[in-house]
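Asker: Residue numbers (the working numbering), protein chains in the order written: chain A, 140 to 329; chain B, 29 to 210.
I should point out that these hints are in silico values taken from the structure, not numbers from a laboratory.
Treat the hints with care, as some may be off.
As the list claims (entries may be wrong) - Simulated coverage check for chain A against chain B, where a stretch passes if three residues somewhere in it have a Cβ under 8 Å from a Cβ of chain B:
hint	segment
1	156 to 164
2	186 to 199
3	226 to 234
4	253 to 260
5	266 to 272
6	311 to 322
Every residue gets a Cβ at the ideal spot worked out from N, C-alpha and C, and that includes glycine.
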Amino acid sequence: VSRERLRSLFRGLPGLAVALFGVLVATGALLSLDYRPDPAEAWASVGRIASAVTLGWLVRGLHVVAAHLLAAVVGLHLLHLFFARDFLRPGGTAAWMLSVALSFVVLAFLLTGETLPWDARAYGRAVMTAARVETIPVLGHWLADVFRGGPSVGAGTLVRLAALHGLLLPWLAFAGLVLARRLDREGRAP
Amino acid sequence: VILRLRPGATPAEREALLRALAAAEIPWRDEGDLLVLGEGAEASDAVAWAALPAVAAVDPAGSPEPALGEAFLRRAESLCLLLGPLAIAASLLPGRLGPPADPVRMPEDPGTPWPLAAWAALEERAPAALPVPLLVAGFGLGLLLWPLYARRLAERRPGLHAAVGVAALAIGAALGLLGMAR
């Protein structure tokens, strides 16, 4: 693979990230039609999506695969920006910081989305993730409270995580992508 | 105005061109072998741009925009190329759904989400005196602010800059693999 081709492949990563985000929004909207963010119903509703809803298994699978692929694409994009020393060009610092911030948003998407099925594993991971986040200096307690929706993982957590995953984080990601597009138009983003 | 870049142009020559554009306050879009210049670029300056070592040719006319139908077909083709492998992967991966959550009974080892695997491995293996959460928070903040304090390093010692990146990547990957293999 020539160096120029490799470079053009890496330059295509933001476009791929936008396409994957589009797939996530579309499949997420379809999943939200049948998902119930309630501790008593969440697990059963995910089971219904996977087994009873027409092509629900495929929509759910696409959502999960696209989410993990998006995280990998964002990671590769950051590596490209780093090793190409892209932040040295005019406006490159803003593009770098925006990319890192978007990668944090993608991480939050993964962590909140993983808890939504509300099975035993998801519950256990939510408890451990909240405990781990709580140990972060300065912001840890606040972040853990935002994640849990209260002092401990419980009924309020699922509602909180569903709201974060389906309402707040998509808008944050959308705003980030719009800003990245604007930087691109001004010839400052990769 | 479109600048067609010389295939053998060195990074320094490309950077000199970008600096010249920045000095002239001309916005640009990088298309790999092409630089598409925005407002402010005059066709009358073509001779000056063509004289720069990185530039092979100047095309004042630009490439024609694809027709609406063609653009739609291109997008549809790209979407199919993306959705096809995604659908295959989605159908091959098992949609695991364990027993329902029971707040009274915590599962013994729920595992760690892969983005936090390196953190989990560090917590397990690092000496007790090492403030792991502080390290993790510091890494996140350091990553965000990297261009602000490492600019000089990246400009003057690109080899060392790359070595720092490779070392961080290797440590992160090793810890991540250890965390996931638990």
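Asker: Against each hint, give a clear statement of whether it holds in the structure.
Answerer: Each hint tested on the structure:
For the segment 156 to 164 of chain A, the proposed coverage by chain B is satisfied: 3 residues have a C-beta within less than 8 Å of a C-beta in that chain, meeting the threshold of three. Check on the segment 186 to 199 of chain A: 5 of its residues sit with their Cβ under 8 Å from a Cβ of chain B, so the three-residue criterion for coverage holds. Beta-carbon proximity to chain B at under 8 Å applies to 6 residues in the segment 226 to 234 of chain A; the threshold of 3 is reached and the given coverage holds. Remark: the segment 253 to 260 of chain A is confirmed as covered by chain B, as 6 of its residues place a Cβ nearer than 8 Å to a Cβ of that chain, reaching the required three.
Taking a C-beta to C-beta cut-off of 8 Å, the segment 266 to 272 of chain A contributes 4 residues in contact with chain B, enough for the three needed, and the coverage statement holds. Only when three residues or more bring their CB closer than 8 Å to a CB of chain B does the claim for the segment 311 to 322 of chain A stand; here the count is 0, and the claim is violated.
When held up to the earlier numbered hints, the structure conflicts with hint 6 and nothing else.
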